[in-house]
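All chains should be modelled from the sequences, with the hints used to inform the complete structure.
Here are the chains, one letter per residue:
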Amino acid sequence: MTRETYLLSRTALPNSHTLDVYRAHGGYRALEKILKGGYTPAQVIQLVKDSGLRGRGGAGFSTGLKWSFMPDPAKDPRPRYLAVNADESEPGTCKDRVLMEKDPHGLVEGVLIACFAMRVQAAYIYVRGEYRLPHDRVAAAVAEARKAGLVGKNILGTDFSCEIFMHKGAGAYICGEETGLMESLEGKRGHPRPKPPFPAGFGLWGQPTTVNNVETLQNVPFVIDRGPDWFKTMGTPKSPGNVLVGISGHVERPGVYEVPLGLSARTLLEEYAGGIWKGRKLKAWIPGGSSTGLLPASAIDVKMDHDGLREAGSMLGTVSMIFLDETACTVRAMKVISRFYDHESCGQCSQCREGTQWLAQIFARLEHGQGRMEDIELLSSLANGMAPAKTICALADAAAIPTHAIVKNFRAELEAHVTHKGCPLADAHAPHELEEAHA
Amino acid sequence: MTKIILDGREVEADPKKPLIAACHQHAAHVPMYCYHPGLSPVGSCRICQVEVKQGEMPARVTVACRTPVAEGMIVNTEAPKAHEARRQCLEFLLKNHPLDCPICDKAGECDLQDYSFAEGQGQGRSVEPRRKLEKRKSLGDVIVLDQERCILYSRCVRFFEEIPKKAQLTVAGLGSRSYITTFADRPLEGNYQGNVADICPVGALTLKEFRFQARVWNLTKAPSTCGECSRGCSITVEVLRRQEVKRLRPRPNPQVNRYWMCDHGRFSFDGLNTPGRLAGALVRGTRGLEPLEPHTALDALANLMRVHGAPLVVASPWLTQEEGKLLAALAGEATFVSPPPSALKDDLLHTGDPCPNRRGLSELGFAPLAAAEALTKLAGQGFALLVGERIGALLGREALATLPAGLRLVVLDTHPLDVPASELELGVPNAVERTGTWLNVDGIEGRLSIARSAPPGVAPLTRTLEELARRATPAEAAR
Amino acid sequence: MSKLEVLPQKLRDEFTELATHYPLKSSALIPALHRCQEELGGWLTPDILEACAEFFGLEPVEVFGVASFYPMFKLRPVGKHLVSVCHNIACNLRGAEEILAAACQAAGAKPGHVSPDGRFTVERVECQGACTAAPMLVLDGVFHENLTPDQVGTLLGSVK
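Residue numbers (our numbering), protein chains in the order written: chain A, 1 to 439; chain B, 1001 to 1479; chain C, 2001 to 2160.
Hints are all accurate, no fakes.
Capping the alpha-carbon separation at 27 Å, the derived lysine-lysine pairs in DSSO-like fashion look like this:
(1) A:K195 <-> B:K1016
(2) B:K1165 <-> C:K2025
(3) B:K1137 <-> C:K2074
(4) C:K2074 <-> A:K188
(5) C:K2010 <-> A:K188
(6) A:K75 <-> B:K1017
(7) B:K1165 <-> C:K2003
(8) B:K1053 <-> B:K1017
(9) B:K1017 <-> A:K195
(10) B:K1165 <-> B:K1345
(11) B:K1081 <-> A:K408
(12) B:K1132 <-> C:K2110
(13) B:K1165 <-> A:K188
(14) C:K2025 <-> B:K1166
(15) A:K195 <-> B:K1053
(16) B:K1017 <-> A:K188
(17) C:K2010 <-> A:K147
(18) C:K2025 <-> A:K153
(19) A:K188 <-> B:K1166
(20) B:K1135 <-> C:K2074
Because the hints were derived from the structure by calculation, they are not lab data.
So this is what it looks like as structure tokens:
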């Protein structure tokens, strides 16, 4: 397994976000290859399928397969769209941001190739509202590309035309869910839609739409330029390529690192992030963003790919690793995490709207010393009532999975909060938390 | 139509509607909150869980309102997993719901109560404080909102968007902080507000008119037809302890009003309860109108007809077809009062014509007259009959009081008229006290049925007219 | 009565151009609300919501429903400077509560409130996407990362 890097290969260069620097380092070569090399859209989809590239937004679905769901324009001539999911809001995740700030043309090129493959003529880049710099960098890149004849009508003098529009979100995590994103892009409350129908049949404004993550799309020019076989030299057979792993929490060197899929979590923690900070020991860790739940230290040798984590009872998610040292409290962590889902539930589904609040209330009571032993069973029971697949979207699952995880992996800590009437690690904690005023 | 197996029976399902519609059509019990057959389905409450098996796929529990029917689909609405999913849903719904049943108007017709009894568990497990919101928020003249009771299924929001087609309510905020509201606390507008109290599955949106007025299990209900315009919406008349009409509600009728009625019709029942009914008959004696046995009054009227011939009849447009037929046979000239058009006319239900049976009476040969025309005609008559509920009000008591003494006027109405010209008055039942048929603006029949007994001494008008006809036959006349 | 005058012509022209990006004019609503908040005093008044409703052919209640869904849209007055402190897991593990306490002290405001002098609103927010540079706060839309509590006072003191 090689440790080649490509995604972040340009990001250390000065002015890496500009067209000149991008072009000087292989940028738009893939697009030119496709447009001038006589590729058909179907061929491009096949290349992406062959590469085995899986979505990097958290679900890990085969990108080529997703693209192939778009209907044949001869049978369905309605306008069709690509929506780029730059809503990056999963706690622990800050890697799309790096690409948008430092390699925005990589996104533009990936978008253009995707649009060519799916015969889309308009793409919307939905950037979370808080990401000012990433938004502005991508907008500037689109403007540069437009000036250079790479965006708009008759790109590079061919009959391929494609518009790219920027669009801002306004702070709701649920708008990172593909159908919530589409509702929001249409100017509405970000309520996810029941599926079926699926976006390829009924997407933006009811038209065929594909939603792709930023990092996924930024892999595409490399796949086209260097070929699927090259792509498969990195990572594992079922999870090829590199990923951007975000490492945060109690580590020496938090950061976003480009790694092949399939390394062990221990390698990532120790080799890349410098191990647990301050000479302390690992207590618990999250592999793929808060939705994937807390794993015990004993799981640190798991392979960080889709299958490895599934077998460990978790998920790869956004590959956002968060580490807790021995002074940290897992119950407090779940108080914080469950509070997030309570805040972010859109409120449509009974189980999620009420369940996320209920879980947050229970974790808060446990953390503050008002927990009861029966609350632990109640947590599991409520999580079973919320998921799997009982609601319109997976936010309920995202709240239920970490709930199951703490009961399974850290039951003793939950029980200790009950018997101790509070956190046994209270000394290591911050003073009394300031309450937020409620509107 | 698509064939599916529903709870072991092969049934036909309309492929244009979701599975839940087929379930309800074939009397399979599937609870629902956000789904309403008159509104677009959203699939958000998650209560309508059924077990579905299609082809080789394993059976799965899913929401019936967002499941398209498919040929050969096997549906089990009583599967244990479906019941378990519903139970879980209900526990979540009741977590924040205030235990207001003892003071809530919706008790007894509340879907949350009903499904909790059917599918829920006896005791909730939450020890968390419930959310606090506004409990008596006035939304204008018609509706009062209790935000705490609301379970956020947006039927009310969808109603205004899809039926009168102007959004007035929204879900605001998100998650467990969601609440229903208007913009800037403005009142609701328009003639269709009452419908949201019908469709709210709980007691969040209730009618001010009905607030604390009655417990619904003390109401007797009868199907009927609204008489406030020529749309003739199908309604249910609800009477408290056999006395007062307490509520009118729309009844589903796909041809006429679907699931809705307008507020004007909904709140028009006060007149049905006005005291001072004409019970029996009155005759003008030396000291004004005095009671008379009804059959004696009929003899007197038959006598007037023998002496003066068939009368000019000025009828109320509330007359039924059955009454109209009998009356037309007795009339010299048959007319009915045509009130002026109403400004409530809209694109939805209200036709702007305040007569429930213009079409029917016209087909029977009654000529429409404006009130002023009718009065002019009456002034020139020797003998006339004013027949039907509200006829006195339509012509106006003041105007009728100016009719000349030479006119022999007989009045058949719900309340005494007592103007100098009226020498004989007989009581008639009103629209909730008799059976009958109206023809609406499109010629569709609307039936009336008896929701409450007429006052003692008041016979159905059809019987009165039959009796009159019998007295007027030569055989009888000879007696 | 038309409320369109509440939106300066410059903004309306911007919205007209924005609307051309979408097949449906009203899809430009959320970017438009951002611009209103940026240009018209930091929060969305009922008049602004009504003006946007009129501009985009929507009912005011629909615009309110949309605005109230999104945490970045403020429907009550805010201080001159918005201070948003992430309190989610990565930041929490690296001292977010201390940052919040320092921000409240420096601003003289309780979380969720406007400071008495009107200069600041301090609020708790969820993950802002700065996890590897935690803890952090956002001041007037700009990220300040890898913060220590003693830096917070200087930071807030640097704005009028």
